[in-house]
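There are 2 protein chains.
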Amino acid sequence: MTAAPRDPVAPGGTIGILGGGQLGRMLVLAAARLGLKAHVYSDTRDAPAFDVAAARTCASYDHRESLLAFAQGVDAITFEFENIPSATLVTLARQRPIRPGAAALAVTQDRLTEKDFLTGLGIATTAYAAFGTLEEAREAIARTGLPAIAKTRKFGYDGKGQWTITHANDLEAEFSCLSGAPAIMERRVNFAFECSVIAARNDGGDFVAYDPPENIHGDHILRRAIVPSPLNKDQAEKAIAITGRIAEALHYVGVLAVEFFATRDGHLLVNEIAPRVHNSGHWTLEACVVSQFEQHIRAVAGWPLGDTARHSNAVMDNLIGDEAECWQKLAGQPGALHLYGKRESRPGRKMGHITRLLPLTGERDSA
Amino acid sequence: MTAAPRDPVAPGGTIGILGGGQLGRMLVLAAARLGLKAHVYSDTRDAPAFDVAAARTCASYDHRESLLAFAQGVDAITFEFENIPSATLVTLARQRPIRPGAAALAVTQDRLTEKDFLTGLGIATTAYAAFGTLEEAREAIARTGLPAIAKTRKFGYDGKGQWTITHANDLEAEFSCLSGAPAIMERRVNFAFECSVIAARNDGGDFVAYDPPENIHGDHILRRAIVPSPLNKDQAEKAIAITGRIAEALHYVGVLAVEFFATRDGHLLVNEIAPRVHNSGHWTLEACVVSQFEQHIRAVAGWPLGDTARHSNAVMDNLIGDEAECWQKLAGQPGALHLYGKRESRPGRKMGHITRLLPLTGERDSA
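The listed protein sequences derive, respectively, from chains A and B. Quick note on numbering: the first sequence equals residues 1 to 367 in this note's numbering. Quick note on numbering: the second sequence equals residues 1 to 367 in this note's numbering.
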């Protein structure tokens, strides 16, 4: 059921990238390595990806003329963030192939659609229920149990649009935070650890996955990713197989990340799907010959997928807020330092990351 | 005797790069990783480095107004090729720090000056003698012996401006090829193998070196670099120490490469010095956490030098002329594929390279 492979974008061709943050920037750098140019489209004047792009468009994501001109100058289109207006995707998809496609994005832009999609595939998630009114929120809690997390269905990231509900009598106060946005209640998982699968599928249906990292969050933001994770071999294979089923069902082309909770009794629950390269895969830049960014460009450009083998263990730490201000000290420490070229640091803003490689071992040392 | 460290170029600053070929392109990509912008200056419209540069100047290297405008927009200046007119360097050096400096370039731009410099440091080279006239060429051969290689003193690369002289009666015919350019005669070394040291020095006098690769040439062009080389530990240390003495004597800031002949009786002769990142160091992109390109940018920007440790063995093969045309096949093979974004392939033109990583071993397997 996979689409027939289209003509690949040859070296010298141009990949259009919607979004100009650090993910877009690292996609541009990966494209350059393969002899491909990048045209970055962002609504932000100082977008970090502009600095390395062969062509730049600074315009809003719903500016039709800019979108059409952008599409006409590129050979294939992709994006670095999932909250792209669907009208934008429709406009662009009439001009050039968008990978991954609008269907994959539609599923993952809405937490309820995504959970229902997973449930339809028989893939386990935490208990969830949609709600709009306070009355529905009460019913939702009755179904999910407590503690639960109320989340807006759309436009959330890094913990934005999320409220934890520990007691039923917190509900009314937290409900007001939603300002009437459609929402979903999810039972909070008492997990042993979190992990993710970074994988790629091309339009010929080939599927490859990196070794799953363990992910450690603080304040809802990824702080650290570690490979190998504590998953045993069977669990890792299961997580990769689940990711493969998701990619196949979405007719997905490109890199996707699936975040999992590993429960204390050894089960895997899908937390969420990111239809893009992912912060928990940044360590692939150093620990693998083909990084997640190059892998995504390969899939988008219709090239063969690359090797996902890992030659080293790795620990990736995000540099958040003012943590990158001591860049001279960080540059003098072992590890691969990445700074994203953002002009201003703000609390919670991802400014860079640092990856340390460690010798390859069969099993991770206990923490 | 090292200059006091100057203020480093902070993230968000701009590195000016003279030259827009693949070395410049890979320098830009390395700068981007550190949050630094690049302004590329090249006299070639389709320069590969333009595609990834934040700012571009396309002008001749002696266009004073363009050079001044370029200098005023950058925080530090470096270059990717050594044949920069000295007047250009003088103009730029009055505006911004150029690293490495004009003195290092003056020594390495002229094969005779370079050999005399090495001899003055007590560093062994092959026998050599300068000549200008046919009569002097005869005297030169009498001093160097045969076979010898006649080389123009300036502007040679990849075997251009070189003629092998096997018999004394070849001399007249080969002499005419020089068209009267000042030249040097070098005794051809019957080497066991060739190797190089890629090293970096910063303006604080810190010096670091990568493990020396073995280099295999064909038609005077590097075909393959392999780490580890057949050098034993003592030889490798000696080669690195020689490179350190050269860097120190030149008050060098940046990455330099020193090419060596390893003779059959175990001696090391310096072949030449390249005052820049070097083709034989491309494998550092994958086999080390900090590549030669990032190392150079760190030195030029006044940052701490990075770790040169190698986590894998590596074999780097250049893709020359039409060898990159089968890019789809190459992309499907193991290894890190790099394509330089050059529009046209020509015989002898470096179009890309591919690096395969191998598990780390103490000693290289015999070939």
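Hints are computed from structural coordinates only; laboratory data are not their basis. Just so you know, not all the hints are guaranteed correct.
[As the list claims (entries may be wrong)] Derived contacts from chain B toward chain A, CB cut-off under 8 Å, selection only:
hint : residue
1    : Pro11
2    : Gly13
3    : Thr133
[Unchecked claim] Okay, the calculated bits of chain A under chain B, using three or more residues with CB under 8 Å as the criterion:
hint : stretch
4    : 31 to 38
5    : 137 to 146
6    : 200 to 213
7    : 266 to 280
8    : 326 to 334
Keep in mind that this is a model prediction, so the values were computed, not measured. Just so it is clear, CB atoms sit at the ideal spot from N, CA and C, and this is done for glycine as well.
Verification of the hints:
no.	hint	verdict
1	Pro11	holds (5 Å)
2	Gly13	violated (10 Å)
3	Thr133	violated (47 Å)
4	31 to 38	holds (count 6)
5	137 to 146	violated (count 0)
6	200 to 213	violated (count 0)
7	266 to 280	violated (count 0)
8	326 to 334	holds (count 5)
Going down the numbered hints, you'll see the structure goes against 2, 3, 5, 6 and 7, while the others check out.
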